[in-house]
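Chains as they are written, first to last, in this note's numbering: chain Z, 2 to 101; chain F, 2 to 101; chain S, 2 to 101; chain B, 2 to 101; chain Y, 2 to 101.
Among the hints, erroneous ones may be present.
Identical copies go unnamed one by one, so any copy, or any two together, can satisfy a pair.
[As the list claims (entries may be wrong)] Straight-line alpha carbon distances no greater than 30 Å define the calculated DSSO-like cross-link-like pairs of lysine-lysine that follow:
| hint | residue 1 | residue 2 |
| --- | --- | --- |
| 1 | K35 | K98 |
| 2 | K35 | K24 |
| 3 | K98 | K73 |
| 4 | K23 | K98 |
| 5 | K90 | K24 |
| 6 | K90 | K39 |
| 7 | K23 | K90 |
It is worth saying that the hints were derived from the structure and are not from the lab.
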Amino acid sequence: MTIGKVVGTVVCTQKDPGLVGKKMLVVQPLDIEKIVDKGNVFVSIDGVGAGIGDIVMVVTGGSARLAEGFSKVPVDNTIIAIVDTIEVKGTVVLNNKEGT
Amino acid sequence: MTIGKVVGTVVCTQKDPGLVGKKMLVVQPLDIEKIVDKGNVFVSIDGVGAGIGDIVMVVTGGSARLAEGFSKVPVDNTIIAIVDTIEVKGTVVLNNKEGT
Amino acid sequence: MTIGKVVGTVVCTQKDPGLVGKKMLVVQPLDIEKIVDKGNVFVSIDGVGAGIGDIVMVVTGGSARLAEGFSKVPVDNTIIAIVDTIEVKGTVVLNNKEGT
Amino acid sequence: MTIGKVVGTVVCTQKDPGLVGKKMLVVQPLDIEKIVDKGNVFVSIDGVGAGIGDIVMVVTGGSARLAEGFSKVPVDNTIIAIVDTIEVKGTVVLNNKEGT
Amino acid sequence: MTIGKVVGTVVCTQKDPGLVGKKMLVVQPLDIEKIVDKGNVFVSIDGVGAGIGDIVMVVTGGSARLAEGFSKVPVDNTIIAIVDTIEVKGTVVLNNKEGT
Numbered sequence: 002m003t004i005g006k007v008v009g010t011v012v013c014t015q016k017d018p019g020l021v022g023k024k025m026l027v028v029q030p031l032d033i034e035k036i037v038d039k040g041n042v043f044v045s046i047d048g049v050g051a052g053i054g055d056i057v058m059v060v061t062g063g064s065a066r067l068a069e070g071f072s073k074v075p076v077d078n079t080i081i082a083i084v085d086t087i088e089v090k091g092t093v094v095l096n097n098k099e100g101t
Numbered sequence: 002m003t004i005g006k007v008v009g010t011v012v013c014t015q016k017d018p019g020l021v022g023k024k025m026l027v028v029q030p031l032d033i034e035k036i037v038d039k040g041n042v043f044v045s046i047d048g049v050g051a052g053i054g055d056i057v058m059v060v061t062g063g064s065a066r067l068a069e070g071f072s073k074v075p076v077d078n079t080i081i082a083i084v085d086t087i088e089v090k091g092t093v094v095l096n097n098k099e100g101t
Numbered sequence: 002m003t004i005g006k007v008v009g010t011v012v013c014t015q016k017d018p019g020l021v022g023k024k025m026l027v028v029q030p031l032d033i034e035k036i037v038d039k040g041n042v043f044v045s046i047d048g049v050g051a052g053i054g055d056i057v058m059v060v061t062g063g064s065a066r067l068a069e070g071f072s073k074v075p076v077d078n079t080i081i082a083i084v085d086t087i088e089v090k091g092t093v094v095l096n097n098k099e100g101t
Numbered sequence: 002m003t004i005g006k007v008v009g010t011v012v013c014t015q016k017d018p019g020l021v022g023k024k025m026l027v028v029q030p031l032d033i034e035k036i037v038d039k040g041n042v043f044v045s046i047d048g049v050g051a052g053i054g055d056i057v058m059v060v061t062g063g064s065a066r067l068a069e070g071f072s073k074v075p076v077d078n079t080i081i082a083i084v085d086t087i088e089v090k091g092t093v094v095l096n097n098k099e100g101t
Numbered sequence: 002m003t004i005g006k007v008v009g010t011v012v013c014t015q016k017d018p019g020l021v022g023k024k025m026l027v028v029q030p031l032d033i034e035k036i037v038d039k040g041n042v043f044v045s046i047d048g049v050g051a052g053i054g055d056i057v058m059v060v061t062g063g064s065a066r067l068a069e070g071f072s073k074v075p076v077d078n079t080i081i082a083i084v085d086t087i088e089v090k091g092t093v094v095l096n097n098k099e100g101t
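So that you can see chain Z by itself, here it is in the shape it has in the complex (with noise of 0.2 Å):
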């Protein structure tokens, strides 16, 4: 799964019936060791509740349809955890529960 923030959002009056109510938002991709931009932006729709900012776990693919309420959605990727904590190779890179 890939680790990002949520920068945007998108807008679609005429689309497939599977997306209508579902939010979709803007991800840019982060480096997971440093929590940094890296990669560019791209389109997921949100699974949790997500809002921008929030940095957040997308899953890719076909899988992405495996989230709840997404079975009939034409979906690649899907935002499916908003991320409390993440420790690389010791060190913790995000604290989100204390507001880091």
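Following the hints, put chains F, S, B and Y in place on chain Z, whose structure we already have.
Okay, now just chains F, S, B and Y, sitting in the frame of chain Z:
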């Protein structure tokens, strides 16, 4: 999902039965933050009535067949929405509601 | 989907039962806008009666098994159409209807 | 499949129901021939009781949900084995049976 | 599908039940036109009785589980054939029928 612009068409007479009646379009992927061309064009199947010049959202991979009417179509990417607006990092980068 | 040209064949005697009776072809991917070679050749399975020299459309990934007769074939790309014409950005880049 | 080393952990409170009770780990991919770091770390879900420091095998993509107990988990890669030995081109490059 | 050469083995004691009894092999991908090493080795599961030194065809992604006996195996690539001959652009680049 990817954002792109419809820039062309493909016509095939001899094809898999699942493709009969489907519109095959050439899509130019876009840099979402700048709405400029980025990367190589590819062939997508229209699922929402898109046409030349439209800015569209494309789903890639196995989920492309979850678009309505695509369950038996051998397709690895499908146009699932026509994009109205995109806002990234506080800036409205695309606004097709008002003809921008 | 990818556009390519059939440039070769692969023969295997010892193979998965799902491949028996299937024609394995080598495909050279093409730059769609210029119809010139781009990238490395790969092996695809024929789903439409294609042969050496044909310009074909290839579906990649899990959807490759949605081609007619491929539901039990372990295949990650299938030739699903022979291309007649491609028009990109206002230019007809391929026209095989009239022998171009 | 990919070979990697478990180097960290991710904790999420707000998440898809399918992730509840699953251990989320950060994996550093390895060059299989030299068993040295190669490429960027990613988040994987543990399917075999792996922990920090273990050399593991990871399955990527839609098949990640075929691991035991993962059929309803929105996951694009799963740790499916802890590696004992790897032999490549006549050399034993990893031997964890004897504590190498 | 990819063409590669079997160059090694992986042994895991602690693993997903779906992997029990499966042979895990290290595969060196090959440039199909020149039959020389190209890219990094990866781990594949044998589906056809392949062994060290064999030139094999590998299916990648979700379809890897369509190989016979793999429907419950968490696998993202499977060896599905041993290659006899490859002809590309008019040249026989591999001929293992006659021991080339």
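**Item:** Hints breached by this structure
**Value:** none
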